[in-house]
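Trainee: Sequence:
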Amino acid sequence: MKKTVLFILIFLAVGSACFYGIAKAVNRPDTILSESDVSSMIQQKYGGTIENASFSQKDDEPIYRITLLKNDIPYHITVNGENGEVQSLIKQKVEKQTSTQTKNNIEEEQKKSEQPPVSPTSDEPLISMEQARDIALQKVKGTFSSVEIEEEEGQIFYEVEIDQSKTREAKVMINAYSGHVDSITYETDDD
Numbered sequence: 001m002k003k004t005v006l007f008i009l010i011f012l013a014v015g016s017a018c019f020y021g022i023a024k025a026v027n028r029p030d031t032i033l034s035e036s037d038v039s040s041m042i043q044q045k046y047g048g049t050i051e052n053a054s055f056s057q058k059d060d061e062p063i064y065r066i067t068l069l070k071n072d073i074p075y076h077i078t079v080n081g082e083n084g085e086v087q088s089l090i091k092q093k094v095e096k097q098t099s100t101q102t103k104n105n106i107e108e109e110q111k112k113s114e115q116p117p118v119s120p121t122s123d124e125p126l127i128s129m130e131q132a133r134d135i136a137l138q139k140v141k142g143t144f145s146s147v148e149i150e151e152e153e154g155q156i157f158y159e160v161e162i163d164q165s166k167t168r169e170a171k172v173m174i175n176a177y178s179g180h181v182d183s184i185t186y187e188t189d190d191d
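Everything in the sequence shown is counted per the UniProt record's numbering, starting at 1 for the first residue and increasing by one.
Since the hints were made in silico from the structure, they are not lab data.
One or more hints might be untrue.
Said to hold, decoys possible - Quick list of simulated restraints, FRET-style, between CB atoms:
no. : residue 1 : residue 2 : range
1   : Gln92     : Glu130    : 24 to 30 Å
2   : Asp134    : Thr49     : 42 to 48 Å
3   : Thr185    : Phe19     : 33 to 39 Å
4   : Asn52     : Ser128    : 18 to 24 Å
5   : Lys3      : Glu35     : 36 to 42 Å
6   : Ser40     : Glu187    : 32 to 38 Å
7   : Met1      : Ser145    : 54 to 60 Å
To be verified - With a straight-line cut-off of 35 Å between C-alpha atoms, the simulated DSBU-like cross-links for lysine-lysine are:
no. : residue 1 : residue 2
8   : Lys166    : Lys141
9   : Lys45     : Lys171
10  : Lys171    : Lys91
11  : Lys139    : Lys45
12  : Lys2      : Lys45
13  : Lys141    : Lys91
C-beta: ideal position from N, C-alpha, C; glycine also.
Please work from the sequences and hints to get the whole structure.
Mentor: In structure tokens:
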């Protein structure tokens, strides 16, 4: 009797491991986007010129790191290699040569910097995904689920999802430049 129970337990353990492996293999995408596809997507979305693109694997996730040059300003962009989702966009600071600029040019630059950021060409850098996650967790109690970068009406936001329970989820929209919480919505799964 003990041998039968032991045999059944071993059979169930091996079966569960096989099922897990098969499920993981089935859910894994078969294709990884090509470097040219990702570069084209980034150029269509943001404009500018791709200066550099490299591919790497991070925690079994394919990642493209792209350097985009737009208006003589470099941006470092991280893109998911499976679905093309932009994971981060960081504007690099560029030292400006004020000695050759005229007084009008300096005043014009100051006016631009006083305007609120509305697009990826803004002079203000995006906050990081980690900062967005931390801001959301300060506003809503729960377990962090995911964060995505979204663009709506010329504004860039982080959409942070937080699981509050098995049936309740909060979505926190955070301005990607200022870190201001724009909205919090709750969804309940009534299964």
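Trainee: Next, verify each hint and record whether it holds.
Mentor: Results of checking the hints against the structure:
1. Gln92 x Glu130: 24 to 30 Å: 18 Å, violated
2. Asp134 x Thr49: 42 to 48 Å: 33 Å, violated
3. Thr185 x Phe19: 33 to 39 Å: Distance hint for threonine 185, phenylalanine 19 holds at roughly 35 Å.
4. Asn52 x Ser128: 18 to 24 Å: Taking Cβ atoms as reference, asparagine 52 and serine 128 lie about 21 Å apart, which means the hint holds.
5. Lys3 x Glu35: 36 to 42 Å: For glutamate 35 against lysine 3, whose Cβ atoms are near 57 Å apart, the range 36 to 42 Å is violated.
6. Ser40 x Glu187: 32 to 38 Å: For glutamate 187 against serine 40, whose Cβ atoms are near 34 Å apart, the range 32 to 38 Å holds.
7. Met1 x Ser145: 54 to 60 Å: 45 Å, violated
8. Lys166 x Lys141: The given pair, whose Cα atoms are some 14 Å apart, holds under the 35 Å limit.
9. Lys45 x Lys171: 24 Å, holds
10. Lys171 x Lys91: 26 Å, holds
11. Lys139 x Lys45: The given pair, whose Cα atoms are some 31 Å apart, holds under the 35 Å limit.
12. Lys2 x Lys45: With Cα atoms ~64 Å apart, lysine 2 and lysine 45 exceed 35 Å; violated.
13. Lys141 x Lys91: Holds. Lysine 141 to lysine 91 sits at ~31 Å (cutoff 35 Å).
Of the numbered hints given earlier, the model fails hints 1, 2, 5, 7 and 12; all others are met.
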